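Dock chain one against chain two, each of which comes alone in its own frame, and use the hints as you go.
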Amino acid sequence: MKRFMAFVRKEFLHIFRDFRTLIILFGLPAAQILIFGYAVRTDLKNAGIAVLDNARDDVSKELTLKLEASEFFNIDRQLASYDEIDATFKKGKIKAVIIFPERMASTLAREGNATVSIIADGSEPNTASLVTGYVSGIMNDYSATLTKGITSTVPLINPEVRMYFNPNLESHYMFVPGVITLILILISALMTSVTIVREKEFGTMEVLLVSPLKPWQIIVGKVTPYFFLSLVNVTVILLMSWLVFGLPVKGSVALLIAECMLYILLGLSFGILVSASATKMENAIFISAFALLLPSLLLSGFIFPIENMPKIYDYFSMILPPRWFVETIRAIMIKGAGFSYVWKETAILAGMTLVLMIISSRKFKTRLGEGKE
Amino acid sequence: MEREKVIEVKDLVKRFGSFTANDRLTFDVYRGEIFGFLGANGAGKTTAMRILCGLSRPTSGKVLVAGIDASRRPEEIKKRIGYMSQRFSLYEDLTVRENIELYGGIYGMNMKEIVPRREALLERLSFTSYGDMLIRALPLGLRQKLAFAVAVFHDPEIVFLDEPTSGVDPVTRRQFWEMIYETASRGITVFVTTHYMDEAEYCDRITIMSDGRIVALDSPSALLRQYGTASVEELFVKIARPQKNIV
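Just so you know, the protein sequences line up as chains A and B, in that order.
The numbering used here puts the first residue of the first sequence at 17, with every later residue one more than the last.
The numbering used here puts the first residue of the second sequence at 11, with every later residue one more than the last.
Keep in mind the hints are simulated off the structure, nothing from the lab.
Here the structure is a predicted model, which is why all the values come from computation and not from measurement.
Just to be clear, a hint being listed does not mean it is correct.
The calculated label-pair distances, taken between Cβ atoms and stated as ranges, are [to be verified]:
no.	chain 1	residue 1	chain 2	residue 2	range
1	A	Leu255	B	Glu86	20 to 26 Å
2	A	Lys296	B	Glu129	54 to 60 Å
3	A	Lys296	B	Glu18	38 to 44 Å
Mimicking DSS-like on lysine-lysine, the simulated pairs with C-alpha atoms at most 30 Å apart in a straight line are [what the hints assert, rightly or not]:
no.	chain 1	residue 1	chain 2	residue 2
4	B	Lys155	A	Lys216
5	B	Lys155	A	Lys18
6	B	Lys20	A	Lys18
7	B	Lys155	A	Lys230
8	A	Lys379	A	Lys266
9	A	Lys106	A	Lys379
10	A	Lys379	B	Lys72
Yeah, the Cβ is synthetic: ideal placement off N, Cα and C, and Gly gets one too.
Same shape as in the complex, but just chain B (with noise of 0.2 Å):
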């Protein structure tokens, strides 16, 4: 069965002068996925991130994010995408209700839409008696989990999630994860870039970068067995490594 792509990228190229960032990446997205993206410091995955969220615009190739074309049309992209970075992205002298009130407004939603998805969104994470709390009282791994309840909070078709748990004990991040596969099992398409190996085996798929090109994209499983490695771990340090250091 084909699966509807939200995510389609090809030959996507995108350089800074003569530095070439984005070496003809090619890779598609399918509707309700989680897509793990993974790579060194420096691979290139924060450059094409931001290309698919529409901050930046592609050198060459085809972006195409939600049926958007990402050179032309960027700023529609953006409505439909939610986003939390790997920096605590709420307000702290905001409270719980405040933050998501402010986000629902920026995107587009008025208060009607608002409260009843805010306070239903409260009772099922048990926030509600945080509800009136400003964030700074919250411990991190409640504001964490709440930051990204808020960066799904307007049913974006996918959300971006940069380095989501960095940080985070790993009871939290265990918690974490079962939000979004929460939020995968409900049609959005999860989008995440992470540095902890054993996250990526949570994902569908996973993509590898390297020096700006895609090295690896498949099943966490059938990349195992391709490499013949026992973890994910092993395989990013046999194939992520830049194969060739500064020359």
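Here chain A stands alone, though its shape is the one from the complex (with noise of 0.2 Å):
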């Protein structure tokens, strides 16, 4: 265990005293959780909308003109019939169209609320989503003067909202698991399979066989740090989510955690299979990268939504580990799912994992075992 010690030790001091691995470990996740959190929060001023008032009686006038009012909207055109919809989505330059109900002000008079539909184009989830919660919120705004300050609770117009190309607007707050799983395979497994490699390459790892250090204390003294850096950057990435963009984790935090956890195993047994099949760090940088890190971006459902992947893909990023992981964080971030919910994805992750670690440490073993001359 001291010998242990003194070797974990010397890799927290590799770690802090390199000013590059610092930056990865430490500012690209805020950096990225600000690009990508600013990227969906891109603040809503005069976003086109269109209207279609079917109604044109003083409801819909005056909701018109308090849309028109705030500084969010600007009333591009005022649409004749439903068959201007689809085109006016196509030209691209509205976001939103607004459908007054016909004689709305009657009633909502007679029976006390009325359904406003806001149909938003949802190939732009992001903007989409700002779209219809600003707009149902100058809604409720107006549902309140109606009563008159008596809280009510069924609202009295109803905002109906409705997804344009996007129905279900998958990609919304995906940012957020997105970071996580990009951060943690870029640490657990390209920062580990290149702190493995460099000891390879600058013949350190020679004199550390010779001594009296097991294999497996270096491999697990290695990686311990990062293991430990990724759940801090874990707690990082969620702190920042919430504080800056008030993103809460809907779900349990501890099985959040958990989760990760698991991720992070994954990762670092991966790290160390790369370490043991590349001699040289581009090598384990390069591999890493294909391996993990772009299909982690590509394929996972981060950036692009796999529902709209042609079916091969879909298949394919079954067995890719971050597509697993990103499915299971977004359930209990965003949907507050419990461990019931995602116990599939886990025992995949988790029969991943052990698929790995046997096979890299097999794979160890043999490479530092036994060498010919």
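In structure tokens, the structure reads:
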């Protein structure tokens, strides 16, 4: 244990002494959260919307005025009929169409509520969700003035939100799970593989192997700091997304952290496997980047929704860990799902981790054990 | 007087598939001796050294290092030896003191033991002013001396030096050998491979390997007399060249 601790201490020294490593470890997650976060939050200013006013009464006119008066929207045009909606969206300037029902004022007076449809351009999910949110907000405000301060559980005007092109708005809020996935892979797989290969390349691995440290101690010692730093990173990312962007974790934080630990283990095993095969740091970076980084960016559903992919990519993504991990933490973070909901994904990830661990420890043994001159 | 054997090798054979890297090696190394291990590239030196260091198992034969059987308990051997490779073995991004602490720690010493020894060592090498400098900032000669000092920091019974002076200037090599003598005088056995034939003459005894076999083993002066050559270099050229070229 003493030997092991001396070794782990050295690993921490390596990390804290290398400016570039520190940047990757701590600067990158922060930068990514901010970049992706602000990309999501693009402030809504003068977004073009169109109105299809089938009512043409006081209520619809007043609402239209309120929308126009807000700094968020610009009423670009009034539509005459439903037929114009498709063409309007295709031109792309209009982010949403607000449809007031016929005889809105009288329905409201008679039945006590009315439904307004908001159709947003789902091809820009982030903007779409902002637009619908703001429009709904303005309508709720208006409802409140109608009820004259009497708080009612049933809003008078129901905004009925629909998405054009991407009905479920799947990629909304995806950036935090995506960033976590990306960062964890980067640190656990890429950085550990590089740090192990570095020992080989510099010839220090030889000296370590001749020392009383056992091979597993060397490997575990090398990855231990990255395990903890990855956890620190997850915490930082979650805190940032909560404090800066107000995205809370809906489900259990403990479960989320546990899933992250599992994924870190998977990444570390993969990193060890890479380092067993690579003799040069560049190779290690190349393999990690191509085998994990790109798929986690492109095929995990982080940037492109898996549902929109050709079937073959969908099947292919099933063998990639990031896909399952993104699904798991998205479910926990955004849908508030419990373990009973994500056990399948967890089992798949655990299985993958186990397989990777077995392969990498075998491979490492043969690489380090016997060798010819 | 019977001297104490720290390494005993009898009929050591190591095969990789059908290739025999070490063919019935037999030799002993005595305590406090400087034992030179020579041979052309591919002669089987490295293979034999890996076995002696507990990194690889012999196919057959008896190998005792510091009294421990290399086929059965190689891990125990590792605790009793020191090792320095031709490639640079200190961490460039750690300071001199941190490197010493690391290797002390790896060899099971605690900080209470390490610190006074470390300071004494720095003093002895007149390295005290470099103590908190990163290795990267030191000139190569100093690094190599330090690497050797680190390899024997935990007082091993035997230190294995794998071409320790490759790429080092003659002055540093000279100083390096003074350190080797000093170490041997403390009772630490020095097992050294080298490509420099003049260095071989500094050894108490040398063995020359060729084609996986030991072809000569004695003190340099005795070997020179036996083969009638003027220098070890000449001797080496005479006997270490593979007799049978590629069949």
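Given the hinted pair A:Lys379 and B:Lys72, is their alpha-carbon gap at most 30 Å? OK: A:Lys379 and B:Lys72 at ~29 Å, within 30 Å.
Please verify whether A:Lys379 and A:Lys266 have alpha carbons no more than 30 Å apart. At roughly 41 Å apart (the allowed maximum being 30 Å), A:Lys266 and A:Lys379 break the hint.
Quickly compare the C-alpha distance for B:Lys155 and A:Lys18 to 30 Å and report which way the hint goes. 26 Å, holds
Would you mind confirming whether the straight-line C-alpha gap from B:Lys155 to A:Lys216 stays at or under 30 Å? Cα-Cα ~22 Å, so holds.
Given the hint of 38 to 44 Å, is the C-beta distance from A:Lys296 to B:Glu18 inside that range or not? 40 Å, holds
Starting from A:Lys106, check that the Cα of A:Lys379 is at most 30 Å away, please. 54 Å, violated
Indicate whether the distance between the beta carbons of A:Lys296 and B:Glu129 respects the range 54 to 60 Å. Between A:Lys296 and B:Glu129, where Cβ atoms are some 38 Å apart, the hint is violated.
When you check the alpha-carbon spacing of B:Lys20 and A:Lys18, does it fall within 30 Å? Given that 30 Å is the threshold and the Cα spacing comes to 36 Å, the pair is violated.
Given hint A:Lys230 paired with B:Lys155 - CA-CA distance at most 30 Å: Holds. B:Lys155 to A:Lys230 sits at ~27 Å (cutoff 30 Å).
Regarding A:Leu255 and B:Glu86, is the given constraint of 20 to 26 Å on their beta-carbon distance met? This hint is violated: roughly 49 Å between Cβ atoms.
The structure fails hints 1, 2, 6, 8, 9 (numbered hints given earlier, in ascending order).
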